[in-house]
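Number of protein chains: 4
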Amino acid sequence: MKNLRQRTALLLEGNGEYRQIGHIIDIFLITLIMVNVIAIVLESVVTLAHHYKQAFLILEIGSVSIFAVEYLLRFWSCVDRVEYKSLECSDFKRRLKYLISPLAIIDLLAILPTLLMMFITFDLRFLRVFRLLRIFKLTRYSRAMQLLLQSFREESGSLIAAFFIMAVVLILASCGIYLIEHDVQPDKFGSIPAAMWWAMATLTTVGYGDVVPVTPLGRIFGGVITLLSMGMVAIPTGLLASSFSEQLRKRRVLFCDAVHECLHDGKLDDDQLEHLEHLRCKLGLSKQEANKAIKSQLSARTKNLYCRHCGERQD
Amino acid sequence: MKNLRQRTALLLEGNGEYRQIGHIIDIFLITLIMVNVIAIVLESVVTLAHHYKQAFLILEIGSVSIFAVEYLLRFWSCVDRVEYKSLECSDFKRRLKYLISPLAIIDLLAILPTLLMMFITFDLRFLRVFRLLRIFKLTRYSRAMQLLLQSFREESGSLIAAFFIMAVVLILASCGIYLIEHDVQPDKFGSIPAAMWWAMATLTTVGYGDVVPVTPLGRIFGGVITLLSMGMVAIPTGLLASSFSEQLRKRRVLFCDAVHECLHDGKLDDDQLEHLEHLRCKLGLSKQEANKAIKSQLSARTKNLYCRHCGERQD
Amino acid sequence: MKNLRQRTALLLEGNGEYRQIGHIIDIFLITLIMVNVIAIVLESVVTLAHHYKQAFLILEIGSVSIFAVEYLLRFWSCVDRVEYKSLECSDFKRRLKYLISPLAIIDLLAILPTLLMMFITFDLRFLRVFRLLRIFKLTRYSRAMQLLLQSFREESGSLIAAFFIMAVVLILASCGIYLIEHDVQPDKFGSIPAAMWWAMATLTTVGYGDVVPVTPLGRIFGGVITLLSMGMVAIPTGLLASSFSEQLRKRRVLFCDAVHECLHDGKLDDDQLEHLEHLRCKLGLSKQEANKAIKSQLSARTKNLYCRHCGERQD
Amino acid sequence: MKNLRQRTALLLEGNGEYRQIGHIIDIFLITLIMVNVIAIVLESVVTLAHHYKQAFLILEIGSVSIFAVEYLLRFWSCVDRVEYKSLECSDFKRRLKYLISPLAIIDLLAILPTLLMMFITFDLRFLRVFRLLRIFKLTRYSRAMQLLLQSFREESGSLIAAFFIMAVVLILASCGIYLIEHDVQPDKFGSIPAAMWWAMATLTTVGYGDVVPVTPLGRIFGGVITLLSMGMVAIPTGLLASSFSEQLRKRRVLFCDAVHECLHDGKLDDDQLEHLEHLRCKLGLSKQEANKAIKSQLSARTKNLYCRHCGERQD
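If you read the protein sequences in the order shown, they are chains X, A, L and W.
For the first sequence, position 234 matches number 234 in full-length UniProt numbering, and the numbering has no gaps at all.
For the second sequence, position 133 matches number 133 in full-length UniProt numbering, and the numbering has no gaps at all.
For the third sequence, position 253 matches number 253 in full-length UniProt numbering, and the numbering has no gaps at all.
For the fourth sequence, position 263 matches number 263 in full-length UniProt numbering, and the numbering has no gaps at all.
Chain X extracted, bound-state conformation (with noise of 0.2 Å):
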């Protein structure tokens, strides 16, 4: 029998019996956090927060409360949490190692700017922009963004090599436009700073076209810059496009050992089965690919499974 904190734990992370409920708290939450995230845009505009100034406010509150309730629940049953249940250690420092894991520090970020506003009372408007931090709070219901960001993590080499080159190029791009047009658009180009300004567009493709080079030497060196810029780009759309299929790779290579473990009695069972679909599911692996996977793994037994000289069982 599960006490009230474990229960908790279990509808808050919408395992077990608690999935579907767990589910319909997750889209409750997703759609309060998008409503909060969409009203602190609109309140931006002056009109519309005189007109609303009640419904905003009331929006606030009761989101902020609702907020604070999750916050709270979440740190009361957090030690029940599968993850946290299995560390050695006492009921205080499991709650001292959630309170610092990214995902509760962006929970409190989500309630603290509205806390804050309540108790101080000098710069409002500041901190007001700072509730649109919230909207991290969705990281935790994307599993594709997760596996997204792993890409980053796991490029995060060469991306910093790529950014450095796209240093050097933009320092010396803007040197170069400094020297070339520094004389002929001293408001434009009087530092390297500014021309900086014209490099990042520039090398970036963004192209704003509000600062450009006028003399014929500077279009020139333009233009080169223009080139490179393709190159700028070229260099992290080629290495995420790299990193991307190398995951789809390993998470492929990653169910196929995964289905070769599960077969080493050489039949699959029901518990089994619910295994390779769930790590399916958490691969993002079509249904498509995982049967085949699963045939062709099946096929490779029968084959190889008896010596061809005494017919033993090789395993």
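Do not rely on the hints blindly, as some may be mistaken.
[To be verified] Derived DSS-like pairs (lysine-lysine); straight-line CA-CA distance at most 30 Å:
hint, chain 1, residue 1, chain 2, residue 2
1, L, 250, W, 53
2, A, 287, X, 292
3, X, 250, L, 292
4, L, 295, X, 250
5, A, 250, L, 250
6, L, 282, A, 287
7, X, 267, X, 287
8, A, 282, A, 292
9, X, 267, A, 250
10, X, 250, W, 287
11, X, 282, X, 250
Hint data in this document are derived by calculation from the structure and do not stem from the laboratory.
Starting from the structure of chain X, add chains A, L and W where the hints point.
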């Protein structure tokens, strides 16, 4: 012996003995749709609309009549189509099922605005533009586009995640530039939604340049956002690139599997060759590639299965 | 013993014993074409055209004479070229076949405008610019470009589909912005074709900024279109990226097949090594990669060469 | 026992027992280079240059002294470095070889402008900017960047071909827009080189918008060029994406080969493990991937080599 309805169904699908004449009908309809779209676009130019009023009207009436006839014929003969024939339900249900299929709805949308314009008379121009929806009738004819759209569908999870990351960065960027430039350019960055126009143009590297930050801090922040824009553009591109690669691989594997299956008895008869040729077209593989796959599967079977000298199986 | 025509053919193709001298002629012609293109571009600057009139004229006459001689020599010797020699038809037909080959047409286009200018006198400037077409003469010399163009050709189906999607989005975008901004900016969004200029610049992320929506609704719609632009740019990029990967793989496979075939008798003689080296260059593989392929095929042979059961060679 | 010069070489290379202290020196130098670059960029702002004249001067003198000492130490100790030790030539030749190595030239360029400024007095500002070249000193420290640059080098053939296609399209685009818009906007499209500025900004999707076609024909032509720009951007991106994928694959294969070789005697000793770990770092593979490769190679050896029951070899 086939009756008229069955023949109409075959004609409109371009299958069986009517492949050639069905192909001609297809080309006629594609041309008609394109001419229609070009006419509607040109009709929005006031001078042209004035000069060639008669011609546009005749083209419109003629086209809509043809499309209406096509729609009625398709509706009438749909119960004899291959995919609906195999459904175990009454003809009425089949017709209903056809009516709510995407292609039937597109066909209806192609004629509806003009039909409405004949009976309702209040806002003509608005409806006139909706006639452009008949461009979607072209989806029926492009296999490569269907394959492209399939890529989008398969990557939909990741693309939505990418879109979500984009939305978060967009909101934070607009919010940041709003805080920084709000006081200096109240007409351009007067609210977060207004600042989003700049953020959107920057993060997608469109960079109109009609709204740009002017303060040093705003330009530093803007520079950071232009850098982020490269990442924003790289994510969908990378996802699609890896998805297209994956699809190419999958199609190749599918074809090899089909060849493997056909070769179960050690040889290919004419039926199987036609089946493989059909599959090759459907999967969009080159002839060279297909021949290679067949050859390698053939040689794998004949070469490695038995020792040529002692007749023992080799695997 | 070869006659003069055969030697000319070998010289112009750079084959056989004339490889070295043919290479020098190639470099001379490439340089001449480039100098020509630069000269034609610079000649459009009025002051330069005035000052260096004499020099431009001499260069033009000299170049055209050389190109004309080259064209005549190629035409004269074409019947002795390897690819035309093997055709079973009369010399006249071979010459005709050569005349309508793309490279011969390009060679003709390179000299035609100047020849016309000598005899016809009405609009000189128009023809002058067409002399730039001689830049296409360079296609003869670049293998990497031919490989690139092959990628385009192989993906042509998908690229046309991408282009078609682009066209549909373009028409819907122009139509939408025309409906929204037509009344506010009649000079910029006065008709759908006029609105296409904005839609084209936005969907390709060029973003000139000379025409932008100004109404709130127009900016929301414009924002959606900028988001779509990322997808539009991602499709061709993704297609080409996956196509290039595919080509790399195919070339590797082609090379491995060639190695496999050469190793039929279990060893590589000098002729085969030269043949493989030639193929390696043609396919643009690195030396390291080629060596690896050869080594792995060699070891595969020695391992699987004999039947496990009777010890006899397997092929 | 090592002498001072040998120790200096080890220290500067960060090898052997000086790995830790060498690492600290590296970090100090990297920081110094970055501070220098930032200072030079900020010095171009007139007000800052005026206010902090003293600080900039001290930083410059201090940095150049340190870089000069580093340069001299490297030059002195270069004959004891691993890669020069193995050369069979006199110390003088080794030093000469070091002097003309790219990294030594970069080190020299980092101190040369300031040294020149001390002795020559005519144009200070010009030389001052060249001090920025010391940013290239950072190349020594980034392995990921060296891998990126290798990708560029390996794809150089294709990239040059892409660049050539770009040049052809660029010239034809400028020529076309020159013909069309020359008479209407003589100040912007007065000559082909002037028209190139627009063509360059359009084909790279930068799209400044300072120069745009205004005639209907010019806009239609411009629209076609914007469409081509997507292809232009797609080529280098696709090339790099496929090149990065290829490199990932090659590195994986290289590592697997190394594991295979190490496992020749059926087990891994400590030396081999360290060797593999070193290789893993050099190739930038993840630990997880490396372990997988080792495990699969191990199991391939032990599982399939002999039948567990009858002891017969299986391949």
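Each hint tested on the structure:
no. : hint          : verdict
1   : L:250 / W:53  : 62 Å, violated
2   : A:287 / X:292 : 25 Å, holds
3   : X:250 / L:292 : 24 Å, holds
4   : L:295 / X:250 : 28 Å, holds
5   : A:250 / L:250 : 16 Å, holds
6   : L:282 / A:287 : 22 Å, holds
7   : X:267 / X:287 : 19 Å, holds
8   : A:282 / A:292 : 17 Å, holds
9   : X:267 / A:250 : 26 Å, holds
10  : X:250 / W:287 : 14 Å, holds
11  : X:282 / X:250 : 13 Å, holds
The structure is inconsistent with hint 1 alone, although it conforms to all the rest.
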